[in-house]
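The residues making up each chain are set out below.
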Amino acid sequence: MKLAGSVVLVLAAALAAWWLWPRDAWHWTLPAGQPPPAVPADNPMSRAKVAVGRRLFYDRRLSVTGELACAGCHRQELAFTDGLALAVGATGERHPRSSMSLVNVAYASRLNWANHLLDRLEIQALTPLFGEEPVEMGMAGREAEVVALLREDPVYARAMADAFPGDDDPYTLLNALRALASFLRSIVSFDSPYDRFLRGDTAALAPAAQRGMELFFSERLECFHCHGGFNFSDSSTHASAVVESVGYHNNGLYNIGGSGGYPPGNTGLYDLTGQRRDMGRFRAPSLRNVAVTAPYMHDGSLATLAEVVAHYARGGRLIETGPHAGDGRHNPYRSPFVQGFELDGQETADLLAFLAALTDRSVLEDPRFSDPSAPAGAP
Amino acid sequence: MPASRIPLIFLLLSLLGCAPAEDVEIRFDAVLGERPLRCGDGGTVLSDLRFFVHDLEVVDADGRAAPVRPGCLPGWEDRGVALVDLEDGTASCLNGTADTRATVQGSVPRGDWRGLRFVLGVPAGLNHGDPLTAEGPLTRTAMHWHWRSGYKFLRAGLARGPDGAWLHLGSARCSGVIGRLEGCAAGNRARVVLDDFRLASDVVGVDAGRLFAAADLDDGVVDSCQMGPDEGFCALLLEPLGLGTDGDSVAPAGLFVTTRGSR
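Same order as they appear, the protein sequences are chains A and B.
Each residue of the first sequence is one higher than the one before, counting from 28 in my numbering.
Each residue of the second sequence is one higher than the one before, counting from 35 in my numbering.
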């Protein structure tokens with residue numbers, strides 16, 4: 028009898044462990060020593076949330092026309108950018124800015140090109156969904172339609188209940204935002220040739236890219252001051268960060284009238300602070316996958332990485348005629364790190380080889396980040 | 035209880051702010067000068083008019099004020115903030131909603147009230163809080179300002195054919211992060227004072243003509259202001275809003291007028 032009792036106890040314990048084990052627990056695949064992203068306490072990661080967030084990300088019904096999904100401006104094969112200089116919203120309205128990459132967005136300490144007030148993806152997602160100036164997905168005032176979709180679509184009805192099992196009513200806008208944010212936080216990338224080189228695979232970087240790396244991290248070029256750290260952006264953070272790192276920089280792209288001006292309506296941090304010193308200050312985006320995110324800068328006004336390198340080599344852009352005429356090199360608000368430098372042809376090629384080595388093919392192709400409704404095997 | 039003590043009890047109750055109260059309804063209407071203004075197709079029409087109000091007070095002939103305690107009306111009134119929505123989403127009101135709300139309900143102590151005061155906007159405590167967990171009227175995404183500050187205090191627009199003017203008013207030049215704002219250099223909360231206003235018969239007129247008096251509705255350019263630093267049109271709207279350039283209220287907002295109602 029004693030033996031039978033023990034067996035029952037062990038079985039009961041095993042059953043309890045099976046029952047209580049967090050089957051829904053999320054974990055990132057990260058290289059040794061890489062801290063995970065910081066996650067808001069009220070929205071812990073779970074596989075169910077990531078799954079429903081992925082579905083929402085690819086769902087065109089989240090736009091006023093029913094034709095534009097988040098993924099319309101954030102295409103996986105382009106590191107979640109859209110290849111356009113300026114994004115185009117659901118109603119055809121052109122955005123003043125270029126779509127940003129979402130790879131490693133979980134590590135961004137601030138979001139958007141120039142918004143020191145935005146640090147949570149759950150809140151950021153409100154702007155593309157509901158923003159009016161400009162219209163992106165055009166859902167302002169239509170939150171009831173989003174909630175109805177969650178409740179009435181049989182796939183969401185089940186998936187939202189799975190993702191938010193403790194909620195009396197899981198079909199809320201807040202939960203949709205939490206799911207979207209969870210999916211975005213799942214898109215991490217640390218497997219570029221550069222990452223593999225750092226992990227000891229010395230063959231991962233060709234000699235040209237290694238020489239380019241030396242240039243990138245040199246005081247001569249100063250690239251790394253703004254595009255430094257594990258995510259190649261000084262506005263990066265992670266779960267173990269002690270100090271908040273946030274940076275905005277004027278890189279001399281414009282100098283309208285010689286007084287430091289940027290094109291109206293696209294003045295960077297200045298638009299929010301009204302402080303003249305913030306004119307033309309934008310967040311340095313991560314350079315991960317930068318070779319596939321052309322065109323460049325907040326307004327997509329530089330077409331290629333070669334143009335970008337030439338821009339920084341000159342220390343600012345010269346626009347000779349037209350409404351934006353001015354020499355960015357003399358912009359009074361220009362970052363002290365944008366001083367210009369001389370590069371010969373070989374060095375330019377080396378630097379471009381290094382930037383190309385920041386492309387992580389896996390994140391561009393990983394089926395976990397693709398359209399869940401696409402037929403299996405589709406590109 | 036001896037009958038002589040009853041007046042004393044009433045006196046004590048009134049000192050404690052427990053004077054008998056009555057339910058009131060403050061009515062609002064969109065006007066263009068003397069005439070009502072609506073969403074529409076021809077002539078000068080409304081294109082938007084939604085706003086938050088708080089800190090409502092009634093005032094008697096001696097200048098004594100008493101607060102209007104707002105009700106709790108799901109979706110419209112909560113925590114002392116009420117949303118007024120005078121557009122119905124039709125015709126020129128392209129980005130509007132079908133539901134409307136032309137009244138604020140509340141209770142005031144019994145009295146001979148002759149005036150009305152309130153503040154346009156959302157109080158800082160709520161404006162700076164987390165929009166994701168907000169309740170009541172603050173859940174409406176059309177009133178969210180998810181990138182500049184907390185909420186749009188007032189969204190107003192006037193249209194004449196393809197021309198027009200519009201305003202998104204709210205706090206600006208904020209610090210902190212959205213959801214946990216530390217403060218905003220420009221509060222932009224307009225103060226409304228209607229000295230001769232009878233709750234029972236009068237209506238608060240929101241005169242879009244006064245607000246947009248500086249707009250040229252025939253020059254083919256839509257004048258707009260969304261609190262950006264270099265938007266010249268914003269400076270022209272400060273006067274009807276009674277706001278100084280620093281965003282402080284310096285005078286009563288003249289776009290709100292007493293409209294003699296008929297009931």
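Derived from the structure by calculation, the hints contain no laboratory data.
Just so it is clear, the structure is predicted and the values come from calculations on it, not from any experiment.
Think of the CB as a built atom: it goes at the ideal place given N, C-alpha and C, for glycine as much as any other residue.
A portion of the hints provided could be inaccurate.
To be verified - Chain B stretches covered by chain A per the calculated footprint, using a threshold of three residues with CB under 8 Å from any CB of chain A:
| hint | stretch |
| --- | --- |
| 1 | 129-140 |
| 2 | 144-153 |
| 3 | 267-275 |
To be verified - FRET-style restraints, in silico, Cβ to Cβ:
| hint | chain 1 | residue 1 | chain 2 | residue 2 | range |
| --- | --- | --- | --- | --- | --- |
| 4 | B | Glu169 | A | Ala401 | 30 to 40 Å |
| 5 | B | Gly77 | A | Val66 | 23 to 33 Å |
| 6 | B | Arg232 | A | Ala65 | 51 to 61 Å |
| 7 | A | Ala188 | B | Arg214 | 26 to 36 Å |
| 8 | A | His252 | B | Glu169 | 19 to 29 Å |
| 9 | A | Ser286 | B | Leu270 | 16 to 26 Å |
Unchecked claim - Over the 12 Å line for every Cβ pair with chain A, so calculated as not near, a few chain B residues:
| hint | residue |
| --- | --- |
| 10 | Gly67 |
| 11 | Pro101 |
| 12 | Arg113 |
| 13 | Asp250 |
| 14 | Thr293 |
Against the structure, the hints come out as follows:
Counting residues of the stretch 129-140 of chain B whose CB lies closer than 8 Å to any CB of chain A gives 3, which reaches the minimum of 3, so the coverage claim holds. Closer than 8 Å: that is the beta-carbon criterion, and the stretch 144-153 of chain B has 0 residues meeting it against chain A, so the requirement of 3 is violated. Coverage of the stretch 267-275 of chain B by chain A is violated in this model, with 0 residues showing a Cβ closer than 8 Å to a Cβ of that chain against a need of three. The hinted window of 30 to 40 Å between Glu169/B and Ala401/A holds, with their beta carbons roughly 39 Å apart.
For the pair Gly77/B and Val66/A, the beta carbons lie near 54 Å from each other, so the given range of 23 to 33 Å is not met. Taking 51 to 61 Å as the suggested C-beta distance range, the pair Arg232/B and Ala65/A conforms, at roughly 56 Å. Taking the beta carbon of each, Ala188/A and Arg214/B are about 30 Å apart, inside 26 to 36 Å as hinted. Checked against the hint of 19 to 29 Å, the pair His252/A and Glu169/B fails, with Cβ atoms roughly 44 Å apart.
Between Ser286/A and Leu270/B the C-beta distance comes to about 24 Å, which sits within the given range of 16 to 26 Å. At the 12 Å boundary, the C-beta of Gly67/B stays outside the reach of chain A, the nearest C-beta of that chain being 28 Å off. Every Cβ of chain A is farther than 12 Å from the Cβ of Pro101/B; the closest lies at roughly 31 Å, confirming the non-interface assignment. At the 12 Å boundary, the C-beta of Arg113/B stays outside the reach of chain A, the nearest C-beta of that chain being 18 Å off.
The claim that Asp250/B is not at the interface with chain A holds, since no C-beta of that chain comes within 12 Å of its own (minimum 19 Å). With a least beta-carbon separation of about 27 Å from chain A, Thr293/B lies farther than 12 Å from that chain, consistent with its non-interface assignment.
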